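Trainee: As a plain string of letters, each chain reads:
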Amino acid sequence: MILEVKDLTVQFPTRRAVLTAVDSISFSIAPGEVLGVVGESGAGKSITGLAIIGLLEPPGRIAAGEVRLEGQRIDHLRHEEMRRIRGRKIGVIFQDPLTSLNPLYTIGQQLEETILTHLPLNKAQARERALSLLREVGIPAPEARYGAYPHHFSGGMRQRVVIALALAAEPRLLIADEPTTALDVSIQAQIIALIKRLAGERGAAVMLITHDMGVIAETAQRVAVMYAGRVVEIGPVRDVIHSPQHPYTVGLMGSIPRLGSQAKRLVQIDGAMPRLNAIPPGCAFNPRCPRRFERCVAERPHLLSAGTSRAACWLHASS
Amino acid sequence: MHLLKLESVSRDFDVSRPWLNRVIEREPRRILRAVDRVSFEVSKGETLALVGESGCGKSTVARLIAGLYAPSEGRIEFLGRRLQMIFQDPYASLNPRWRVRKIIAEPMMFLDGGKPIGELLVQVGLSPDDAERYPHEFSGGQRQRISIARALAGEPELLICDEPTSALDVSVQAQILNLMADLQERLGLTYLFISHNLAVVSLVADRVGVMYLGRIVELAPAAQLFAKPRHPYTRMLLDALPDLGMTGKSRTPVAGEVPNPLAPPAGCPFHPRCPHANDRCRVETPKFLNGVACHAVDEGRI
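Going down the list, the protein sequences come from chains A and B.
When we follow my numbering, the leftmost residue of the first sequence carries the number 828, and every step to the right adds one.
When we follow my numbering, the leftmost residue of the second sequence carries the number 666, and every step to the right adds one.
The shape of chain A in the complex, shown without the other chains (with noise of 0.2 Å):
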């Protein structure tokens, strides 16, 4: 396992109460393999991506619970261990390119800035790693643009630069955050087969954070659903989708249009995720889901083997 994530809480205390945005949330990711993290704006996925990364916004805190990037534990690490790491053993996409490249410096010297931190190479070695990077991730003509300042660039190509820089000094995990959202139709899938086909060829890690289930579909393996900071069902993405074990992935999967579907109205599910300071007892899903009994409202359930998924909610307890 290249990503091991067990019981990994996030809280921000808060004058009034200490809000848990992650709730004890286990999971790992294996060499090549990519892992879908779904879930709504608000479900944790974006904080359980920086807790992993050192990244999270004071007052946020890991509260508890173990991070493993190859084994070694990287949670509790110092500022400047964790940059180390960060770089050199975790890339990061967000959804924003904008945001990770800086507009005073050309692509160029982003890229062997980057390099030259990370890896022991000379500055000629550098450029001539750089230009074959952005020759990978589908830059025509990379050495014409190499001395181009991001807003030369369009949105697609930026997404672009940011995968080289994310990639430049062979990561093994690699979080990506909503990467394709900002990105039209026709882009999304030149960079979904990118992330795809990287991923495979240099047995990477990668974490693949979205909002949108299609995309989850076609580029992850397996894939984890979130609801109030807690992953709800993890399994087979093949098996989420086409026989989800929990209520509220049944109604996601429902609520989804589909090209193609007679359907003129959409399965809906009823109210709104609640909010961080109002999180139901026992299961977080239990006000809205139609399937609730006793036990959802007394009792919060754990993963519980689904088929072959696993998921949380007492439906699947064995009797």
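Hints listed in this document are in silico derivations from the structure and should not be mistaken for laboratory results.
This structure is a prediction, so every number in the text was calculated from the model and none was measured.
Be aware that a few hints might be false.
Taking lysine-lysine and the DSBU-like style, the derived pairs with C-alpha atoms no more than 35 Å apart in a straight line are [as the list claims (entries may be wrong)]:
no., chain 1, residue 1, chain 2, residue 2
1, A, Lys916, A, Lys833
2, A, Lys1023, A, Lys916
3, B, Lys709, B, Lys767
4, B, Lys670, B, Lys767
5, A, Lys916, B, Lys893
6, B, Lys709, B, Lys670
7, B, Lys780, B, Lys670
8, A, Lys833, A, Lys1023
9, B, Lys670, A, Lys1091
10, A, Lys833, B, Lys709
11, B, Lys670, B, Lys952
12, A, Lys1023, A, Lys1091
13, B, Lys780, B, Lys893
14, B, Lys767, A, Lys1091
15, A, Lys1091, B, Lys709
16, B, Lys780, A, Lys1091
17, B, Lys893, B, Lys709
18, B, Lys952, B, Lys709
19, B, Lys780, B, Lys767
20, A, Lys1023, B, Lys893
21, B, Lys767, B, Lys952
Knowing the structure of chain A, use the given hints to seat chain B on it.
Mentor: Okay, now just chain B, sitting in the frame of chain A:
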């Protein structure tokens, strides 16, 4: 009988640098044609959707119809009395300093009377008590319900919906799309639905217009467009959609990107990305014939 008709409507934007720069640096004026000779009709009670990637001019069409821009050329005919618009961002489109009551009542100043606010709120699935609250007390989905209630308060025949669910999560999107379908059925509304999401469009639209670089390249009934897309761009868009059914079909990425609209390619604007382009496509702009603007389709090559 049509409710709305556009005849060869164009809209230019002057994006030139300031006069002094142009004189000193000898630059010409730069004109961006955001909408280029767009024609269509919308009948009463139907939903016409316009789809396309960012920058294709679909939102400009919506704003032209709403009268927020004047057309540079062409004619827009609206046979109804009132139209309303629903915007993409429910955080930006509601005044944060106003109570919901005042927000919803605003369009009513053009009516004699109007419906009670409470009734309008109930119609969109909110409670009458919500009238006394402020927008920040609501979630994104609830705010979009308020936008819809505000639009309905003006008793419009036509609702222009510019990406009404793009900022929402899928489960909330499902609630809003179902609500919009119910309201259309109950009130006989006509929708012009602008979206980049083909799956959403396939759910709501009766007819679909596909836009590329300011032009409509294909216009057809939804069932036909999704079953038998004719224009190569429409085909590419459909191929590029993520496949949730995972039928094993690998997605064909669309090659290239949308060209700079300040310097659109000569001939057919899609030809640099089109696998069927020939010499004619590179020089001659295709006319919109029988629902599609494509030389290859016209010549029977595809």
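Trainee: Given the hinted pair lysine 833/A and lysine 1023/A, is their Cα-Cα distance within 35 Å?
Mentor: Distance of about 26 Å is within 35 Å: holds.
Trainee: Starting from lysine 780/B, check that the Cα of lysine 1091/A is at most 35 Å away, please.
Mentor: At roughly 29 Å apart (the allowed maximum being 35 Å), lysine 1091/A and lysine 780/B satisfy the hint.
Trainee: Are the Cα positions of lysine 1023/A and lysine 1091/A separated by 35 Å at most?
Mentor: 34 Å, holds
Trainee: CA of lysine 916/A to CA of lysine 893/B, is that 35 Å or under?
Mentor: 47 Å, violated
Trainee: Would the hint linking lysine 893/B and lysine 709/B be met if the CA-CA limit is 35 Å?
Mentor: Satisfied, since the Cα-Cα distance of roughly 26 Å is no more than 35 Å.
Trainee: Given the hinted pair lysine 1023/A and lysine 916/A, is their Cα-Cα distance within 35 Å?
Mentor: Judged against 35 Å, a Cα distance of about 18 Å means the pair holds.
Trainee: Quick one, are lysine 670/B and lysine 1091/A close enough, alpha carbons at most 35 Å?
Mentor: Distance of about 27 Å is within 35 Å: holds.
Trainee: Hinted pair, alpha-carbon criterion (35 Å max): lysine 670/B, lysine 767/B. Please report holds or violated.
Mentor: 33 Å, holds
Trainee: Does the alpha-carbon distance linking lysine 709/B and lysine 767/B stay inside the 35 Å limit?
Mentor: Since the Cα atoms of lysine 709/B and lysine 767/B sit roughly 30 Å apart, the hinted pair holds (cutoff 35 Å).
Trainee: Given the hint that lysine 767/B pairs with lysine 1091/A, test it: the Cα-Cα distance must not exceed 35 Å.
Mentor: 34 Å, holds
Trainee: Does the structure keep lysine 670/B and lysine 952/B at a Cα separation of 35 Å or less?
Mentor: Roughly 19 Å separates the two Cα atoms, so the pair holds.
Trainee: Straight-line Cα separation of lysine 780/B and lysine 670/B no greater than 35 Å?
Mentor: 29 Å, holds
Of the numbered hints given earlier, the model fails hints 5, 10, 13 and 21; all others are met.
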